[in-house]
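S.K.: Put the two chains together into one complex, using the hints given.
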Amino acid sequence: MARRTITIDGNEAAARTAFRLNEVISIYPITPSSPMGELSDEWAAHGKRNIWGAVPTVVEMQSEGGAAGACHGALQKGALTTTFTASQGLLLMIPNMFKIAGELTPTVFHIAARTVATHALSIFGDHSDVMAARSTGWGMLFSGSVQEVHDLAAIATAASLESRIPFLHVFDGFRTSHEVNKIVMLEDDELRALVDEQAVRAHRERALDPDRPFIRGTAQNPDVFFQAREACNPFYAACPETVAKVMQRFENITGRAYRLFDYVGHPEAERVVVLMGSGAEAAHETVEYLAGRGEKVGVLKVRLFRPWSAEHFLAALPPTVRTLAVLDRTKEPGASGEPLYQDVAATVLEAVETGRLDAGVAPRVIGGRYGLSSKEFTPAMVKAVLDEAGREQPKRHFTVGIVDDVSGTSLEVDAAFRVPAEGVTQALFYGLGADGTVGANKNSIKIIGEETDNYAQGYFVYDSKKAGAMTVSHLRFGPRPIRSTYLLDQANFVACHQEVFLELYDMLEKAAPGGVFLLNSTKGPDEVWDSLPALHQQRILEKNLRLYVIDAYRVAREAGMGRRINTVMQTCFFAISGVLPRDEAIARIKQAIEKTYGRKGEAIVRQNFAAVDAALDNLHEVRVPGRPTSDRPLRPPVPADAPEFVQKVTAKIIAGRGDELPVSAMPPDGTFPSGTTRYEKRNIALEIPIWDPEVCIQCGKCALICPHAAIRQKVYEPAALDGAPEGFRSVEAKGKEFAGLRYTIQVAPEDCTGCGLCVHFCPAKNRREPRLKAINMEPQPQHREVERMNYDFFLALPEYDRTKLKVHTIKGSQFLEPLFEYSGACAGCGETPYVKLVSQLFGDRAVIANATGCSSIYGGNLPTTPWSVNREGRGPAWSNSLFEDNAEFGLGFRLTIDQLHDYAVELCRRLADRIGGELVEQLVQAPQETEEQIREQRARVEALRERLAAIDDPDAARLADIAHYLVRRSVWIVGGDGWAYDIGYGGLDHVLASGRDVNILVLDTEVYSNTGGQMSKASPMAAVSKFAAGGKPTEKKDLGMMAMAYPNVYVAQVAMGANDTQTVKAFVEAEAHRGPSLIIAYSHCIAHGIDMSRATDSHKLAVETGEWILYRWDPRRRELGKSPLQLDSREPSRPLKDYMERETRFRMLFKADPERARRLAELAQQAVREKWARYRHLAAMDVQ
Amino acid sequence: MDLSTTYMGLTLRSPLVPSASPLSESVDTIRELEDAGAAAIVLHSLFEEQLRYEELELHHYMEYGSESFAEALSYFPEPGEYRKGPDEYLEHIRRTREAVGIPVIASLNASRPGSWMEFARRFEEAGAHAIELNIYFLPTDIDEPVREIEQTYVDVVREVAGSVGIPVAVKLHPFFTSVAHMAHDLERAGARGLALFNRFYQPDIDPENLEVFPNLKLSSPYESRLALRWIAILHGRISCDLAATGGVHHGRDAIKLLMAGARVTHLCSALLKYGVGHLRRVEEEIATWLEENEYGALADIVGVMSQKSCPDPRAFERANYIRMLQSYA
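These protein sequence lines are chains Z and X, in that order.
My numbering numbers the first residue of the first sequence as 1 and each following residue consecutively.
My numbering numbers the first residue of the second sequence as 1 and each following residue consecutively.
So that you can see chain X by itself, here it is in the shape it has in the complex (with noise of 0.2 angstroms):
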């Protein structure tokens, strides 16, 4: 069965793609992700500000308590040489280029002007074959305008686009009051790849103890409704490629996604909870599903059911939910 369908330019092998995860820190797990069919990889994130934080932090504890005992002037050896910034990050582009054979896409949450167009550049010359802009803003300021904070993410994508000569997707999370609408001002920025939907993770609150604390929570089959709802809707509609991302766990979850008019399914979640092997298993399931329903390649069934090309667009709309009511009622 013929997998293959391009993204941004790549073709890929098939549309399976590990997303940014803990995955793809090592170099050994991305090997054994090309060897389980893994058609392309996105590294893991490199956020700038924690970098710059780590370098704070380190550069304050390193000095802390010194030049203020006669007998300890200090507390730790200068380190020969210190991976700065993104070095390793970079390095990490480089030696995962050497170690696989399928395209690396590199991701970048970077938080000052001008840092992303700097940070890009680099991820380019080390070897990514795109980049990915894990873009977002959460914005706490009650003054802060709705358009502002809008531009900047317009802004963030010319920035990038403009200045490297790779393609670059854009990880966009779904808090846009029209995502139609930043769909389409991306695209016109200069994105050539959309992947829906970034998942956050959310705080939750421990009761009895009074705290509050990260949740990190696997994503389930169900969290792909939202992107599978986006990607119809904007499929054929921008001339971005979409990507879908959250909730695919098995076969059937890309299939659907595909449908819609993803070109290619991220996979973390289901890798993380059954392993790295489990990607072969999702292969064989879409070849399975396609061979038994008579497509003769995976990209005849891409947008089949998007939108435009389905037997009922309204559903993809908002009356969806009132018709609901209405009829239960």
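Pulled out of the complex, with its shape left as it was, chain Z reads as follows (with noise of 0.2 angstroms):
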């Protein structure tokens, strides 16, 4: 019989095989591992059924934490369960980890392997996470292809039910998880053949039940535990063994071949490299090229690297070995060497002791680590390593993969080696994310990988930046399988879908020769030659490049498909690409546009076929002419006024040429300077705001709403206009406090997203033209030039003194200097106005913590980071430490804050009699509540330091150091929903408690955004979400009143698109309040699904069904004798429906499953009621 093949990714993979073979399932989302936890929730929703024919349950946590501790319960409950997860979620589970190995539990914890945060957070793949859990007692099984992944997901749970050892099934995140790849289908039934039921009733024999009581998980004194501990060293000795019949057992049913260490290479190898995860499939590839050549090479595919099998390592090597290459995909600092080579070294040289091998002929072990977050690791560097090994004197720890001129262990790699792909047809496609290109692609993988005998594989890169998002299609398709693990460094086909990034890459350095070049470009067959940059004609006549040209978002816009030019490019592809037949790749198109979109309705349908032909006739091949005939450079990635470290590493990154900065250009402790995305100039706005002086009236609700800070207003002396750029625009400012000052509302047009927020939010209309606003949308292009150099002047004209500022107004705030500007945030961003807001008000003094999530990546991403400084050299101070730990990590800045200030207090006494009495008095007693009396208190700051450097006594070099504390300090707590309400509130709680002056900002996008929309506690009843997938059933966490029954917290809930003014309010409010601070911040996100360009609307709406209340909640009232609570919005006036009619999230479950929705509607608008009452009746209470 024919096996089934199915086109699907790693994580797809391992969900598939750990789906059917588990009862329970219990999870946190975490990147890369969060699509297998999706899916199983999405299959256990629709009620798809285990091999016993039961659906499982699937249950998501509030933390892997939570999640181990629900799989340590169900297991011993005896349920067959399971989880996902990867790096620090992983960490988290380690202390149940230890208590499930202990009890001798069968599990297994399906792992997308993933770089720990150290100097820095990284999403990418190594294993870092797997090798800090090695001590936990627990099995570890490694894949390194998709279809090693779907088979010895099943492989690990069959062995960890027989040997009862729990078992991490490991692979490499986004190489193996995200890699698309053809893979033969275990069936159920082999599944069933597989797993010994024997083994599943033992283990529900083993569970706690009332019927059979037993105790375990005692506590243990010195005098036995030592012993308990050895009592399960059978277990380990036997696993291998056992890990080894059930992959003889499997290969029985499947005929694919697993061994606990399988060798690949030459026979009579000398060199034989040794690794696991997916760079063992680039070694594969490699030595069987080399050794083919009749090199003596092999590698060694690690399977089970615990419990460790010397006997079965030692078995799987060719004897004629010299040298053993161990690689491994991580750092250890300090070690003698990673883990991977220390037990080869230690079998090695245990071998020779006990004499398993001869000491004359035992190999020698060199170690290195590789591919690092995702670091390439190919063809060229395997070689490198091979003939590193071949010396007489290699190195014996070294790194592969980079340029190591700090401590040279780096092996010098031969770039222009690699292994030939013979009949493999390779394609590279450049996309915006939101144009659907990585879609298509994975549309296109599925169509050649099903339809025809083709294997195919993709692989996606994308973008640091949320906003105009690059992504980059790495495609392979052959007639055998592919193991090649790494980025393309050749393409027979590359494709531009976005003409913008012609300036920007250098796209054809990968391009085959004799290859083709399609290009999306608005210019025709015969003008669009002229338009390449000199770079790209010179590569195409170079390399003889066939080029293709089509205007997709013509052909796109008039199939009424917008900007998702998917279809059409897709078609172009395989038009040109002749993968297929044209006739028979156009109806599979087609086919697979029905299977997709075909259930959802027949007018996606319609369009996508429309689409499909349009894109036929619009296909053009261009006629390239001889010679070039441009002589436009790429646009450099940052201007030649940057800064050193910006011009040397920052470009280099913007560039995509990251990978060839030497470890000599890196900070060595994760310290990168501030304020470098003014540097990254993206230009991706298709449409800018465009400032009309005459109908505009001065509000500065445009620059408070702008998510990145790409529009602002200033005021100014009429004598700062001199040297203006012409066509500068200039009115005079209105109110008295300004009078006789000039101002300007300016674009930053190369930063600005073109979200039209501003212009949505902005309230003044053109009287006489009212389709226009005092800022209207306009092409960038046409812009570009003139408002740049506006921008730029406009950014040199002075700051206005904020100390003469009404800052707690909208227009007195929007006059501060935003420090936080041009972040990676999704374009119309419903956080980044309340952070750039912060920035604002108090950014000068400010040390902020940031929870990981969206606001810690579009806060800290590399290449550039938005937290910026102040012509004085001042700007908030931000870091990110965890996801859960972010208000205790905050809570830190603040103990260190007071102890140094009272420290500086306690030394300016001590030293009073000579630094001055009156001066200390005054620094001491500072109230430091305005902007002046903190300017005030700066200066002091200063005088104190003079006096200080004339004082000979330690404690005046003391104080010196740590004067600064005197200048009041601003501790901002800032993350999203996912954190403050799930993972880091037991943490929050703690905080709030603590009396502590910090200030808590929470960014309530009520979903969890940054890792793709799963449900948190802070999720509104009836919104889907992933985990919620019929609607989330229970009511959103009240954060705010549970915050309130501590006495002394200040809270406050705010809606910038309701009323900004509140807003503004609140955060000068929780900021001067003495004690801990909440601020919730309504957060539109684009997971809502809803019209980003006007929010605000969405604001609106929340506050007036009453879904959102805007109230604050200040301690400091009770004095006056009032109640803490001030209702700052009316009760409600519009039905819930009229905003859940308004947003995605909530109106699918009405495509979906109508009566459900009716019926969580029903009550939402209960809930709504009811919520409004108590806030009444509380705001109403009595205090005297």
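Any given hint could turn out to be false.
For the chain Z half of the interface with chain X, some residues (derived, Cβ under 8 angstroms), not all of them [unchecked claim]:
id: 1; residue: Glu42
id: 2; residue: Gly433
id: 3; residue: Ala434
id: 4; residue: Gly439
id: 5; residue: Tyr462
id: 6; residue: Ala469
id: 7; residue: Thr471
id: 8; residue: Gly601
id: 9; residue: Cys826
id: 10; residue: Asn1010
id: 11; residue: Thr1011
id: 12; residue: Gly1012
id: 13; residue: Val1024
id: 14; residue: Ile1086
id: 15; residue: Ala1087
id: 16; residue: Lys1151
For the record, the hints were derived by calculation from the structure and aren't laboratory data.
Every value quoted in this text rests on a predicted model; they were computed, and no experiment measured them.
Even glycine gets a Cβ: it sits at the ideal position worked out from N, Cα and C.
M.R.: Next up, the structure:
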């Protein structure tokens, strides 16, 4: 019988096996493992069953610690249980993992292995997480390909049940978890044949049960603990053989053979590389090629890393081996070598000492690190390692894949070496996230993988920015299985889906001679050549490339698909590439469209069909002239006046050449300069707001709502206009306090994302032509040059004296310089306007603790970061610790600030007679409530420093070091609802209870935004999210009400789009409160499924329907005899459905399950009524 | 009192038929309407264009932002099943049929060639007793010839009437050069009922805020006059059964329209304003009036004041207005 094949990614491959072999799945989302949990939840919601005919229970927990705890509990009750995680998530599971292993409990956790955060967070793949779990006593099986993931997930489960050793099933995050590849499916019957029912029964019999009670989890003492710990040894000793037997059974069932250690290469190999994970596939490919050319080389793929079987390891090696080059995808600073190296070295040493190996022929062992954080690992690197292994005096400890010019660890790599990809079509696509390129390519891979005999592989590289994100798709198709676990270094087909990339990237560098270049361009076949920068023309001519052009945007627009050019470009790819006969390809594309969209609606199918047909009519091959006609260079990644670090380091990363940076270019402790986004001019907006001074009422709302600080206002003396560029707009400033001054609103044309929020939020209409406002979106290209000069001039204008501004008003606050600018957040982001407001109001004295999530990504992801500095060199000092600990992390800031402040006061007093009593008293007693008072205190500190310089006393030196702590610091603890409501709630609660002066800003998007829309406890009732596919059945947790339970906590709930004045007031009041403050900020989000340009309408509707009550709870009001609670919004005046109808997160339930949607909507409406009644009651509370 | 009437071959216990409105979106409310005496129910309209727009919009926002950022390749779970297109409406027809004993008239506003017929067939399959075509094209193209627009109406009716076995009514708007001729054409195309007239929501302007906004106003009894005139003129001249819609708030409003020639009077605004139970009161008012005026059955008054039967036929014609002005002068 022909085996069924399927084209899926590694996560799905793991989940398809795990789902069918388990009963309880308890998870918490974390990149890159989240899709495994999401798919499981989806399947359970759709009623899909496991191999025993039951629908598994899938539950989302509040953290990975919680997920592991629930797993432990489920296992103790005898369920077949699993979870999926990575990185810090795995680390949070470790305490439970010790317990689970200590109790000899069979289970498999599937790990998309990811870098553990050290000097920086990284979402990408290496083995640092699983290596941190080595001591838990879990077995570890490593998969290196999507097929292996699918298979070893089953083998691990069967082996765990039989051995009673719990297993981590490990595969490389992103490289394997996100690689799409064609695999043979495991059928249910095959799984049933593999899993020993007796072992399942035995597992159930060991479960806690009051019908046959026992106690497990005792506390033991020095007398017996040690012996009891050793009692499990026989299970570990037997485990490798059990795994081997299961692998043999698997081979008998499926025909696919795995061994604990799989050797590939020359039978008389002298140099063998030893490694595990996806890198083993690249090594396999390389070694096969080299061995085929007679080189005596091999690779040993480690599958069972724990329990380590020295016997199996030695048996798998060819007896001829002279050098073992052991590669670890992790780093253990200070160790004698990384984990696999240590195991191999110890094994060889013991083998020699026990006589298993003759000392004379025992191989030498060298070790190296590779591939940290998904660093490329290519055949050239494998060859470099094998070459090193052949040297007489090789580096005993090395790195490969980087240039280590600091410690000299790195190996030289011959970049020209590659394993020929005979018969393989290689295609590279540069797209924009929003244009659907990746989706189209995934679809193409499925078509080729599932509808032809070809094998297919796809891997996708995403941007670090969320707005205007570039994607690069790497596709391979060929007649043999594809083991190339690395990016394309040469492509027969290169497609550029976005014209704007032409001026930024050398995208034809990897084009193979005689290949094809497909360009989406507004230029026709006769004009496109001249529009290309010189480098691309040169490459096309040198490499003799065929050039095709299509105006895909026009085709898509005419088909009603807006800017989704996916179907159009996919059609062109098939039409040109010849992977399939053209007619067959078109038929397959249409079938795929029907399959993908048919159930969503006929209109979508029709639209896509129209795009397919029109694509072919509009695709043109360009007659390439025999010579270049352009002398236009690529745009430099950063301006020439950027600082040295930005020029040398940041610019390379921006240009996509970060891999070339040597170790010496990197700060050793993760410390980077602030404010670098200003050097990365991304030009991603198609339209930008242009100011009409005649219509403007100078309210400042546009600047307030702008997520990217790309529209700003200033007042300034008329004289400052000297030298203004022609066309710089300026009008008389409105308002008495600005009499005689000029006023300007200015857009940053190259930083604006074109989201349109500012225009929608602008309240001033042109009364002569009401379709226009005081700012209006106009095409960016035609304004770019002029506005760039205007913006440069605007930035150079002096900042208005902040001590003279009414900072608690919208207008006043918006004259404050934003110290958070041009972040990589989504266009129209609902969080960043609040973050920016903090930076304006308090940024020059703020210390910010940022929970991991969207805000840490747009706030701290390289290449450039948005937290900035003012002209005095002051600005927010920002750091991200973890996801779960942010409140505690921020409290730590406060503890230090208070400690050093108090110590500074103590030293001041100690030295008072030499400093001057009056200055000391002023320093100590300064109120520091207003901007002016802060400025005065800064001046006093400067005066103090001057006096201290003249005092010869160790205390004076100590005081000089910490004198700046006498200026009031503003501690902000910032994060999303996933942190505040779920994983970090325990810490947040503790910090609120501490009474310390911290400000907690919760950017409440009501869903896990950064990891792709999973339910949090902030999610509202009836909203659809991942893990709440049927709409959330419970009410949103009322975090504000819970915080009000503490007597000294300031609490505010705000929604900028509904009441911006209340928002600004709340921020000012919260900061002024000398205790803990909590601001819960309504943050619209792309995960709500709304028109982001009109998102402030959602704020208004949320408030008008009572879904989001605006309030301020200020404990200081008690002193005035008033209830601490002031309601800032009116009684709900509209039904909740008016709000729900606007948002996809609610609406999709009405399409999927209208009955349930209506029922939940009614319950939600009732909940709104009750909540309002509760708040109204509290606001009317008599505190006398 | 025998209040029964017939409409497009359907026998109804009274002429009171709630028209297409949000009231018929819930089966529970329809049941309440039946309990209050509704003789049949016209379901809320299925607007194909809106369905299509909703489908595309939902698809757009579910895909928006996907496959752009490594950590969030999508933002929504994939639902197991979609109620796409008319599925929910068809289910509503089925459930209404199961829930009530009165005839169920499904209402359709399609937008593409072919789709009128396709939807109508599916309505029939789902169990509708009749179909009301809620046809209106708002021609804003100054180059589009009138004849073509009018022909479109006729084509739609012919297409639907020719493809289903259940009777088809047309809810007509009054903005034709010749309502009478149009009615005649529709009759020839296969319409068995005409509901006069469709009310359009007319936009309004907020002069301070410089905004155009939809203005939803309930009808007043005065508005029945337009229908009254044309029902009176058409009664007896075409074979279609006539239904009056718009402005029926009280028994007396219904009686006048019935006398003009309507077999059915639709209610909507009055029920939204006074509640579902108001239907019972209107019925009682009709019965009382008939008794007081010594009519033996409702059928006796249908058309008695139509143009053909009334004492002054010219009163329904245009000259009426001119004479009024002259007499005023």
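S.K.: Hint by hint, say whether it matches the structure.
M.R.: Hints, one by one, checked against the model:
1. Glu42: 5 angstroms, holds
2. Gly433: At 2 angstroms from the nearest chain X Cβ, Z:Gly433 passes the 8 angstroms test, so the hint holds.
3. Ala434: This hint holds: Z:Ala434 lies near chain X, its Cβ roughly 6 angstroms from the closest one there, short of 8 angstroms.
4. Gly439: Interface hint status for Z:Gly439: holds (5 angstroms vs cutoff 8 angstroms).
5. Tyr462: 4 angstroms, holds
6. Ala469: 5 angstroms, holds
7. Thr471: Holds. Min distance 7 angstroms.
8. Gly601: Where the cut-off is 8 angstroms and the nearest Cβ of chain X is about 3 angstroms from Z:Gly601, the hint holds.
9. Cys826: Given a least distance of 7 angstroms, the restraint on Z:Cys826 holds.
10. Asn1010: 6 angstroms, holds
11. Thr1011: 5 angstroms, holds
12. Gly1012: This hint holds: Z:Gly1012 lies near chain X, its Cβ roughly 3 angstroms from the closest one there, short of 8 angstroms.
13. Val1024: Hint on Z:Val1024: holds, closest Cβ of chain X at ~7 angstroms, below 8 angstroms.
14. Ile1086: 4 angstroms, holds
15. Ala1087: 4 angstroms, holds
16. Lys1151: Given a least distance of 5 angstroms, the restraint on Z:Lys1151 holds.
Going down the numbered hints, you'll see the structure goes against none, and every one checks out.
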